[in-house]
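Participant: Sequence:
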Amino acid sequence: MQKEIAMLNDKLQEVCHSIAKKLQTRLEYDRTIKETSAAYTKIRESAKSLLHILKREESHLGNKLYSGTSDEDLRSLRELRNIQN
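In this note's numbering, the protein residues as written are 35 to 119.
Bear in mind the hints are in silico, worked out from the structure with no lab data behind them. One thing to keep in mind: the hints can contain errors.
Derived DEER-like restraints, expressed as beta-carbon distance ranges [unchecked claim]:
| no. | residue 1 | residue 2 | range |
| --- | --- | --- | --- |
| 1 | Met35 | Gln58 | 45 to 51 Å |
| 2 | Lys68 | Ile117 | 43 to 49 Å |
| 3 | Ser104 | Ala81 | 56 to 62 Å |
| 4 | Ser80 | Arg109 | 34 to 40 Å |
| 5 | Lys56 | Leu85 | 40 to 46 Å |
Beta carbons: idealized from backbone N, C-alpha and C, even for Gly.
Start from the sequences and build out the full structure, keeping to the hints where you can.
Facilitator: Structure representation (structure tokens):
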């Protein structure tokens, strides 16, 4: 009987050790996921900011390019732009 108890205690220790290792691995995965999510959010915010800046600059450049052009030329440029999009 004592031998069985000792054997069950050994198995219990192995199971506890295995659970502790799995818990540690899970904590590491959770930390990695959190860091990755934060980095992804920063990249998205940077991309949105860059897109906003590019659109603003495009508008400024477009205004400079289009000043001094005729209405007909402007229509042609807009049509070309729509075709390209």
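Participant: Confirm or reject each hint.
Facilitator: Going through the hints against the structure:
1. Met35 x Gln58: 45 to 51 Å: 35 Å Cβ-Cβ, so the 45 to 51 Å window is violated.
2. Lys68 x Ile117: 43 to 49 Å: 45 Å, holds
3. Ser104 x Ala81: 56 to 62 Å: At roughly 37 Å between Cβ atoms, Ala81 and Ser104 fall outside 56 to 62 Å, so the hint is violated.
4. Ser80 x Arg109: 34 to 40 Å: 36 Å, holds
5. Lys56 x Leu85: 40 to 46 Å: 43 Å, holds
Violated hints for the displayed structure, listed by number in ascending order: 1, 3.
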